[in-house]
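Colleague: Here are the chains, one letter per residue:
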Amino acid sequence: MSTMANTNATRRELLIGAGVTGAVMLLAVRPAGATPETMRAAIRSVVGEAAVKTGKVKLDIPPLVENGNTVAMTVTVESPMTAKDHVKTINIFNERNPQPNVARFHLGPRAGKADVSARIRLSDSQNVIAIAEMSDGTFWQHEISVIVTLAACLEGNL
Amino acid sequence: MARVLINVPATAKRGSVIQIKTLISHIMEPGFRPGADGNIIPRDIITLMTCKYNGEEIFRADMYPAMAANPFVTFHTIATESGKIEFAWTGDNGFSETASANITIE
Numbered sequence: 000m001s002t003m004a005n006t007n008a009t010r011r012e013l014l015i016g017a018g019v020t021g022a023v024m025l026l027a028v029r030p031a032g033a034t035p036e037t038m039r040a041a042i043r044s045v046v047g048e049a050a051v052k053t054g055k056v057k058l059d060i061p062p063l064v065e066n067g068n069t070v071a072m073t074v075t076v077e078s079p080m081t082a083k084d085h086v087k088t089i090n091i092f093n094e095r096n097p098q099p100n101v102a103r104f105h106l107g108p109r110a111g112k113a114d115v116s117a118r119i120r121l122s123d124s125q126n127v128i129a130i131a132e133m134s135d136g137t138f139w140q141h142e143i144s145v146i147v148t149l150a151a152c153l154e155g156n157l
Numbered sequence: 000m001a002r003v004l005i006n007v008p009a010t011a012k013r014g015s016v017i018q019i020k021t022l023i024s025h026i027m028e029p030g031f032r033p034g035a036d037g038n039i040i041p042r043d044i045i046t047l048m049t050c051k052y053n054g055e056e057i058f059r060a061d062m063y064p065a066m067a068a069n070p071f072v073t074f075h076t077i078a079t080e081s082g083k084i085e086f087a088w089t090g091d092n093g094f095s096e097t098a099s100a101n102i103t104i105e
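Just so you know, the sequences run in chain order E and D. First residue of the first sequence? That's 0 in numbering that gives the first Met the number 0, and the numbers climb one at a time after it. First residue of the second sequence? That's 0 in numbering that gives the first Met the number 0, and the numbers climb one at a time after it.
Okay, chain E solo, but in the shape it has when bound (with noise of 0.2 Å):
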């Protein structure tokens, strides 16, 4: 530490330096896990440069989960689920689990309407994204922000 190496150096300023190193090394440990842009990299990975819009997608979580290991969740995405217009895929994406992704669903005009429900894991409160990819290839997502008082399974790890 250099601030020990200065001989000079008063209490106060001891420390100080002390404190900045903590709050470094506090920083450092914090665990890997999925952020914000890495969400956005999975995002990118699946929508490539398409922009994507907002609406048609509904995305249905509780906003106040109790227990994060099992989560309801439905999507539902407006549209006539005809063999021109379908919704292709849809794809669920979170921000803070150790990945950002969730599931992905492949749908067509077969299913009659795209109403799928799952359960999902969140480690935290957090925001969770459906984007839905339509047949002429734009792209409709909704986020939503959930708020978790149990986190899923990491104990020991954060």
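The set of hints was computed from the structure by calculation and includes no laboratory data. Don't take each hint at face value.
Stated by the list, open to error - From chain D, some residues computed to sit far from chain E (all C-beta separations above 10 Å):
| no. | residue |
| --- | --- |
| 1 | P8 |
| 2 | T10 |
| 3 | K12 |
| 4 | R13 |
| 5 | P41 |
| 6 | S81 |
| 7 | G82 |
| 8 | K83 |
| 9 | T89 |
As the list claims (entries may be wrong) - Restricting the straight-line Cα-Cα distance to at most 27 Å, the calculated cross-link-like pairs of lysine-lysine (BS3-like) are:
| no. | chain 1 | residue 1 | chain 2 | residue 2 |
| --- | --- | --- | --- | --- |
| 10 | D | K20 | E | K112 |
| 11 | E | K112 | E | K52 |
| 12 | D | K51 | E | K112 |
| 13 | D | K83 | D | K51 |
Nothing here was measured: the structure is a model prediction, and the numbers come from that model. We treat Cβ as the ideally placed atom computed from N, Cα and C, and that holds for glycine.
Could you slot chain D onto chain E? The hints should help.
Modeller: Chain D in isolation, oriented as in the chain E frame:
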């Protein structure tokens, strides 16, 4: 053998949209948790689920560790013909499971 529960209506009107519910027992170990010995428990999840209606694929789901244990997935399809709806799951460590249900169109 993983236990599977499937809910497909036994009969349906031609052209109507039916809901299909699936539940399969699986630990879905995400691969990020430390075990009792302090080491990370290796990942063990179902990665793919497919559904075929009389041989034609109508639904497919790619799953990641963020899927909850005992994956429960529901989706919809149009009741076109009487026949068989087949489900298949595959995952880590060679996991593989199949199930099927019959549907009669009135």
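Colleague: Determine which of the earlier numbered hints do not hold for this structure and return their numbers in increasing order.
Modeller: none
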